[in-house]
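Peer 1: Sequence:
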Amino acid sequence: MALCGVKFKAHPTHEQKRVLSQWMGAGRFIYNAKVAEHEYFRTFKAHSLALVGVPVPVDQCYSQFKTEQTVWLKDIPSQVLRNAAYRWREAYQRYVAGLAERPVRKRKGNRDSVWLTSELFELKPKTDNQTGDVIGYQLMIGTKTNQIGALSFDARREFESPHSITVSRRNGEYFVSFNYEDGQELATEEELQVEYSQMDEASLEPITVGLDRGVVIPVYPSEGTPFEFTPEQKHTLDQCDRQINRQQKRLSRQVKGSSRRERTKQKLARYHARKADVRRDFAHQTSHRLATSDHRIFVIEDLKIKNMTASPSPQPKADGNGYEPNGAAAKAGLNRNILAAAWGMVVTFLKYKALRRRKLVISVAAYRSSQECASCGHIHPANRVSQSQFHCQRCGHVANADHNGAQVVKKRGIAATPEGQPTGAARNPD
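So the sequence shown is residues 1423 to 1852, counted in the numbering used here.
Honestly, the hints are just simulated from the structure, not real lab data. One thing to keep in mind: the hints can contain errors.
Each computed DSBU-like pair below joins lysine-lysine, with the alpha-carbon atoms no more than 30 Å apart [to be verified]:
hint	residue 1	residue 2
1	K1689	K1656
2	K1439	K1678
3	K1429	K1689
4	K1429	K1530
5	K1753	K1656
6	K1678	K1528
Make the full structure from the sequences, and use the hints.
Peer 2: Here is the structure:
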């Protein structure tokens, strides 16, 4: 069954905010305690010959953290503490499977959330007395001894009852999010790869589109119009950048620990969050328009965005006194532009939206794709005249550089058997 995810804005009361903050803090404490406990066992094992070959325990026990120094944990529902320990265990299992990095400690204020299972909430539909239609939902949170009442939230779309929910907080705003099964049967990527790999190049040509990702134009398809930020989105981003610069200057002059400095930091966080919302909205709109198009195979370059946005290493002088200029300032500007184009987010959203429509996203090598001619295949650095212009030195083909790159990516995708995305290699669980 296919999973659908929804996220609604919540409006807790002042008392509900206080209790939810306590639950979030307790869950964070248990999670961090499990991280520290596992670090201790791994370190102790590495320094004790008697423990060679003894596995490090990976469990979700949390009772050992209820001590005289943590009496406040007794006021928290046991299900909240249990769920936090379970989330650590799941995170560690993902690390062992090669799907994520090792779990690390969570910081307060960084995506605060609490995971509530079915024992901690009840979702009741509200119906119209005359028509009997569902007009809203009432979310009751808590247990018999720890009841915080009905949490108001904006249900802007229909959904099925979930088995668990997550209440999160970001920049003072609260959200309710959860997954539910919509009953749709999805084909796997492997099945679609087998299906499309049996087609010849002539059949793949009309259903395949290549996508070139750039800084000036975030997504340029081989067919159709480019995908850019709208004038309204660009205006919002520019406004946020001006406000961020203004608030950063104000923050540098304020006393650390003062209430005014904290208010300025909250303003900064809101502007950064608004920029992130604009990028997420652009990624959703772009991926939706692509997924609902007539194309069935989307070919992208296998770009290592994390490596592309890494800072340049320092260049020490030959005499050892100081460092040579390494272009860090210019590289930082390029990194900001790459991340602002939402390359990774567009592909992430496109993958699951395409899969729901029996469409496939594949990746091809990005090696010198910007220097290859889509007409004759000639590869040379001189072909790329400028950032926006391409002129083949062999056949004289002239085109927009991004459009030419998208056509090259499409040809590489058609020529290669669909391979899908590689899975992470399993790790040694210590």
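Peer 1: Are the Cα atoms of K1439 and K1678 separated by 30 Å or less?
Peer 2: holds (26 Å)
Peer 1: Holds or violated: K1429 with K1689, Cα cutoff 30 Å?
Peer 2: holds (23 Å)
Peer 1: CA of K1753 to CA of K1656, is that 30 Å or under?
Peer 2: holds (22 Å)
Peer 1: Quick one, are K1689 and K1656 close enough, alpha carbons at most 30 Å?
Peer 2: Distance of about 20 Å is within 30 Å: holds.
Peer 1: K1678 and K1528: Cα distance at most 30 Å?
Peer 2: holds (23 Å)
Peer 1: Decide if the proposed pair is consistent with the structure: K1429 and K1530, CA atoms, cutoff 30 Å inclusive.
Peer 2: At roughly 22 Å apart (the allowed maximum being 30 Å), K1530 and K1429 satisfy the hint.
Hint compliance for this structure: no hint is broken.
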